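> Take a look at the letters that make up each chain.
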Amino acid sequence: MLEVVSQTTLATLGVALIVTFIRLVKGPTLPDRVVAMDLIGVLVVGLIVVLAGRSGVRATLDAAIVIALVGFLGTIAYATYVERGDPQ
Amino acid sequence: MTDILTAVVWLAGSAFALLAAVGVLRMPDVFTRMQASTKASTLGLACLLIGSALQMGDFASFIRAASIGGFVLLTTPVSGLVIARAAYFADVPLWDGTVLDDRKRDSARAARGGSSAHDNRNGHVDERSRG
Chain A
1 MLEVVSQTTL ATLGVALIVT FIRLVKGPTL PDRVVAMDLI GVLVVGLIVV
51 LAGRSGVRAT LDAAIVIALV GFLGTIAYAT YVERGDPQ
Chain L
1 MTDILTAVVW LAGSAFALLA AVGVLRMPDV FTRMQASTKA STLGLACLLI
51 GSALQMGDFA SFIRAASIGG FVLLTTPVSG LVIARAAYFA DVPLWDGTVL
101 DDRKRDSARA ARGGSSAHDN RNGHVDERSR G
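Protein chains in written order, with the numbering used here: chain A, 1 to 88; chain L, 1 to 131.
Everything labelled a hint here was simulated from the structure, so no lab data went into it. Since the model is a prediction, treat every value here as computed from it, not as a measurement. Backbone N, C-alpha and C define an ideal beta-carbon position, used for all residues, glycine too. This list has only true hints and no planted wrong ones.
Simulated restraints, written as ranges between beta carbons of each label pair:
1. L/R109 - A/Q7: 53 to 59 Å
2. A/A11 - L/S107: 45 to 51 Å
3. A/I22 - L/T2: 35 to 41 Å
Construct the entire structure; sequences and hints are all you get.
Following this line, the structure appears as structure tokens:
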């Protein structure tokens, strides 16, 4: 039963990634794209966490920690860039 | 028992993640999109983490899942705030239906030099300035 459930969960997360990617492509302004990238980072962390629970490999959770950290730093960097504007 | 709990929590978490994605696609405005993405994705990721920790069932992975959850719980509001602030100062247009812009009201009041009692007290966005 858990096999079917984990596959359903992974498929739902994949659909969520595709939907967020549509916003990343469409997004009229740069902050829209930053929001979409941030959400993509969180969704990828969720995907990795489900894969870790499914396979039982503990080191996979370390990769999830690293991706969460890098995603946060990237969002902060993008926000600084948006606030300062283009370097002339 | 653990399997049933894991299944329920995983399905709930992925549903919340999908809700966050649909919110980011369908909301009309950067600020409302940021709202949808931060809240729902934090809840969804917390549910997925609880499910994985239950499924793996040893102490080390439990600690790792808890640390991911704590980190995301701390950083997602911060990144949402920073994005919203940057978007506001980059003059991203607000949605047409926006009724309250506190920062605009406060800066207008400061420009007039103090508060006056009767005009625009609730910070409603002017009809002319909605653009």
